[in-house]
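Here is how the chains run, residue by residue.
There are 2 protein chains.
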Amino acid sequence: MDFRSGGHVYGLHRVIEPEGSLPQAAQRLDNETGAYDNEIVIDVHTLNVDSASFHQIVGEVGRDEVAVAQRIRSIVAERGKMQNPVTGSGGMLLGEVRALGPNYEGPVEVNVGDKIATLVSLTLTPLDLDSVDKVYLDADQVDVTGTAYLWPSSPLVRMPDDMPERLALSALDVCGAPAQTKRLVEGAERVLVLGMGKSGMICAAAARDAMGDAGLVCGFDLRDDNLVAMKEAGIVDDYRCGNAKNPVEVLELAQEMASGELFDVVINTCNVSDTEMAAILPCKDRGKVYFFNMATSFAKAALGCEGVGKDVDLLIGNGYAHGHAQMTLDLVRKFDVVRERIEALLEA
Amino acid sequence: MDFRSGGHVYGLHRVIEPEGSLPQAAQRLDNETGAYDNEIVIDVHTLNVDSASFHQIVGEVGRDEVAVAQRIRSIVAERGKMQNPVTGSGGMLLGEVRALGPNYEGPVEVNVGDKIATLVSLTLTPLDLDSVDKVYLDADQVDVTGTAYLWPSSPLVRMPDDMPERLALSALDVCGAPAQTKRLVEGAERVLVLGMGKSGMICAAAARDAMGDAGLVCGFDLRDDNLVAMKEAGIVDDYRCGNAKNPVEVLELAQEMASGELFDVVINTCNVSDTEMAAILPCKDRGKVYFFNMATSFAKAALGCEGVGKDVDLLIGNGYAHGHAQMTLDLVRKFDVVRERIEALLEA
Ligand SMILES: NC(=O)c1ccc[n+]([C@@H]2O[C@H](COP(=O)([O-])OP(=O)(O)OC[C@H]3O[C@@H](n4cnc5c(N)ncnc54)[C@H](OP(=O)(O)O)[C@@H]3O)[C@@H](O)[C@H]2O)c1
Ligand SMILES: NC(=O)c1ccc[n+]([C@@H]2O[C@H](COP(=O)([O-])OP(=O)(O)OC[C@H]3O[C@@H](n4cnc5c(N)ncnc54)[C@H](OP(=O)(O)O)[C@@H]3O)[C@@H](O)[C@H]2O)c1
Numbered sequence: 000m001d002f003r004s005g006g007h008v009y010g011l012h013r014v015i016e017p018e019g020s021l022p023q024a025a026q027r028l029d030n031e032t033g034a035y036d037n038e039i040v041i042d043v044h045t046l047n048v049d050s051a052s053f054h055q056i057v058g059e060v061g062r063d064e065v066a067v068a069q070r071i072r073s074i075v076a077e078r079g080k081m082q083n084p085v086t087g088s089g090g091m092l093l094g095e096v097r098a099l100g101p102n103y104e105g106p107v108e109v110n111v112g113d114k115i116a117t118l119v120s121l122t123l124t125p126l127d128l129d130s131v132d133k134v135y136l137d138a139d140q141v142d143v144t145g146t147a148y149l150w151p152s153s154p155l156v157r158m159p160d161d162m163p164e165r166l167a168l169s170a171l172d173v174c175g176a177p178a179q180t181k182r183l184v185e186g187a188e189r190v191l192v193l194g195m196g197k198s199g200m201i202c203a204a205a206a207r208d209a210m211g212d213a214g215l216v217c218g219f220d221l222r223d224d225n226l227v228a229m230k231e232a233g234i235v236d237d238y239r240c241g242n243a244k245n246p247v248e249v250l251e252l253a254q255e256m257a258s259g260e261l262f263d264v265v266i267n268t269c270n271v272s273d274t275e276m277a278a279i280l281p282c283k284d285r286g287k288v289y290f291f292n293m294a295t296s297f298a299k300a301a302l303g304c305e306g307v308g309k310d311v312d313l314l315i316g317n318g319y320a321h322g323h324a325q326m327t328l329d330l331v332r333k334f335d336v337v338r339e340r341i342e343a344l345l346e347a
Numbered sequence: 000m001d002f003r004s005g006g007h008v009y010g011l012h013r014v015i016e017p018e019g020s021l022p023q024a025a026q027r028l029d030n031e032t033g034a035y036d037n038e039i040v041i042d043v044h045t046l047n048v049d050s051a052s053f054h055q056i057v058g059e060v061g062r063d064e065v066a067v068a069q070r071i072r073s074i075v076a077e078r079g080k081m082q083n084p085v086t087g088s089g090g091m092l093l094g095e096v097r098a099l100g101p102n103y104e105g106p107v108e109v110n111v112g113d114k115i116a117t118l119v120s121l122t123l124t125p126l127d128l129d130s131v132d133k134v135y136l137d138a139d140q141v142d143v144t145g146t147a148y149l150w151p152s153s154p155l156v157r158m159p160d161d162m163p164e165r166l167a168l169s170a171l172d173v174c175g176a177p178a179q180t181k182r183l184v185e186g187a188e189r190v191l192v193l194g195m196g197k198s199g200m201i202c203a204a205a206a207r208d209a210m211g212d213a214g215l216v217c218g219f220d221l222r223d224d225n226l227v228a229m230k231e232a233g234i235v236d237d238y239r240c241g242n243a244k245n246p247v248e249v250l251e252l253a254q255e256m257a258s259g260e261l262f263d264v265v266i267n268t269c270n271v272s273d274t275e276m277a278a279i280l281p282c283k284d285r286g287k288v289y290f291f292n293m294a295t296s297f298a299k300a301a302l303g304c305e306g307v308g309k310d311v312d313l314l315i316g317n318g319y320a321h322g323h324a325q326m327t328l329d330l331v332r333k334f335d336v337v338r339e340r341i342e343a344l345l346e347a
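Chains A and B, in that order, are what the protein sequence lines are.
Residue 0 is where the first sequence starts when you use the working numbering, and the numbers rise one by one after that.
Residue 0 is where the second sequence starts when you use the working numbering, and the numbers rise one by one after that.
Okay, chain A solo, but in the shape it has when bound (with noise of 0.2 Å):
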């Protein structure tokens, strides 16, 4: 295979228009040249669009599978990317490496044939596709025929192979957050995990393995199962159910589970809006707020903390952290009920 040479390292070179703006900010993506040497070609065989992204599509174009799949072409013919021009996102893509530019200095080490998916979203990563082979109308899934491309500053992982895609999809997709959280834990007492799904319980694994049984781990979620099984796991030390869009009772059945006390650290991992107060209120003076959850107003949050007098630092959640994919996968490997009740989540 042959190799252009001026790749940059943001990926600058695949950008069309508007000219200057980064890949993921790029109105279209150039697909069609080869590929340059600081970059990674990968064979693509599945696209997970983002759920978003999908139901506004069947929406569109009805829950036809041809129709699904001419809309997904045309979307990529047009902007050289899977990025839905109606939502803006995008999701991830599942392949198989078959070729690394001499130059490609990538954050993991891999070779040509490893299977891999991307960590990074499809609104920035140059798309090419000879076909759509099958539409998966209930999993937001669609199997290709392909080629991508990645610079050096997009993560990406190799998929492991003692645990079914499914899984380790579901798991990749969040794992931004265990990293983080286990940075956060550091030195703390207490944390409170807002939002027990599929990012919550792989979040309050991290804590408890990182703080060990002495740490209060606790859980709050609107239902009961999962924080019922992360208990009996020992996983989480207490949890009450309510809704996180009422801040002043999340505070008074936290503060119950602290025996009065706040919390160092409060995890935001909920799918809604208006949850930002819920997460400031039971952190204690100087504690850490982390917002994974991606309906987080940043106004809401700015204004709220300064209007409740709250000296606590506010982390917006980035999605990318060293070594985020492995230690995620290690979470799960590690403890039973969390793969068992995310695969639980994917059956229902």
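Derived by calculation from the structure, the hints in this document are not laboratory data.
Everything numeric in this text was worked out from a predicted model, so none of it was measured.
Take these hints with a grain of salt, some might be off.
One copy or two, either will do: identical chains are not told apart, so a pair holds if it fits within one copy or between any two.
[As the list claims (entries may be wrong)] Within a straight-line C-alpha distance of at most 30 Å, the following computed DSS-like cross-link-like pairs (lysine-lysine) qualify:
id, residue 1, residue 2
1, K114, K244
2, K181, K299
3, K181, K114
Use these hints to put chain B with the ligands onto chain A, whose structure you have.
Leaving out everything else, chain B with the ligands in the frame of chain A:
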């Protein structure tokens, strides 16, 4: 004065609807019931209406002092607080302490007769207006006769008597940022401040004050007037001009200033959208990015940072920190150039 018991530390006792919400999220606050024993009562003299709110009102009723006064009275009568129903924003107030509830335990010591400003938004301050006495169409201010109540979690500050009121208010409006800057630069060697307006200048001064001469403090803004003055005064070591909406350009210019290196801390004090990546790219691995800019998008910061595979901490600019007001006023006192440039901005 008689005081009622049963006041809540976060002011829930003043929320009429929706029940259970915090005062900021409330549709209507109770501004008629007299003081609770955990409140401070303020004779309100001036409302500093948020600029977006004031301009919306002028747009709606016209550039007419009487009409603006009427609109403000009707909003406060309806909501029990000066929260613009269209923009959702508030402002702050100036007044004099009329009375202190026996159980008021506020963040700073105040006495009856003290001139104070609130550091908490008017969007959560119960306010009862007797009259609107004067409207300053060009200053977004109105002089009023009225009463406001603050509970213990609402930050406030005694007005300094050694500087003009408008200068003090401008500095106090952004006082969260320098306080956080001082903490963030601990142990840092290189700090970059994006936006060199009011908050940018005070943040740069806070960084210089904390880091001493050994630290590298750099600035970036569209225009160079403040930057030139800040460099002459030795507060910034170097600067570049450009548009923070072009992240790759900012990265290149930032690296020029840091001899090819990246920055430990980047502080975004711009006042426009789409500047997230310009703050993220110049930040070094495991560095910290602080977003004070209220036009920051949570999703753009979280997903954009993942998209470039950067492992940095992303912080939301909390408007409150212990001692933030005094610290900010002290910086304005200590660094003449900051005072002069803010006064120049106020006269412009
Ligand atoms: N920052 C990043 O890089 C990144 C990456 C991936 C995902 N995310 C975000 O992370 C969040 C969680 O993802 P996930 O995969 O863990 O989702 P998930 O499995 O659906 O978990 C969310 C949990 O929150 C619960 N919940 C919903 N509304 C609640 C409420 N009002 N009060 C209390 N609990 C409530 C849900 O309960 P029910 O199931 O009963 O509704 C569920 O258990 C999402 O917002 C997603 O966008 C962020
Ligand atoms: N989080 C909080 O609690 C809180 C509280 C108060 C204020 N804030 C926010 O803090 C921000 C700054 O406030 P401020 O009072 O310091 O405002 P300011 O005095 O107007 O300063 C903003 C500076 O950014 C510059 N700028 C604008 N667009 C730029 C661009 N594209 N590239 C480079 N520089 C650019 C401006 O230059 P020009 O003047 O030439 O446009 C100005 O010098 C605002 O967004 C405000 O909402 C936050």
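Hints, one by one, checked against the model:
1. In this assembly of identical chains, the alpha carbons of K114 and K244 never lie at most 30 Å apart, being 41 Å within a copy and 37 Å across copies at closest.
2. Within a single copy, K181 and K299 get their C-alpha atoms as close as 26 Å, and across copies as close as 24 Å, so both meet the 30 Å cut-off.
3. Taking CA atoms no more than 30 Å apart as the test, K181 paired with K114 passes inside one copy only; the shortest distance there is 28 Å, against 46 Å between copies.
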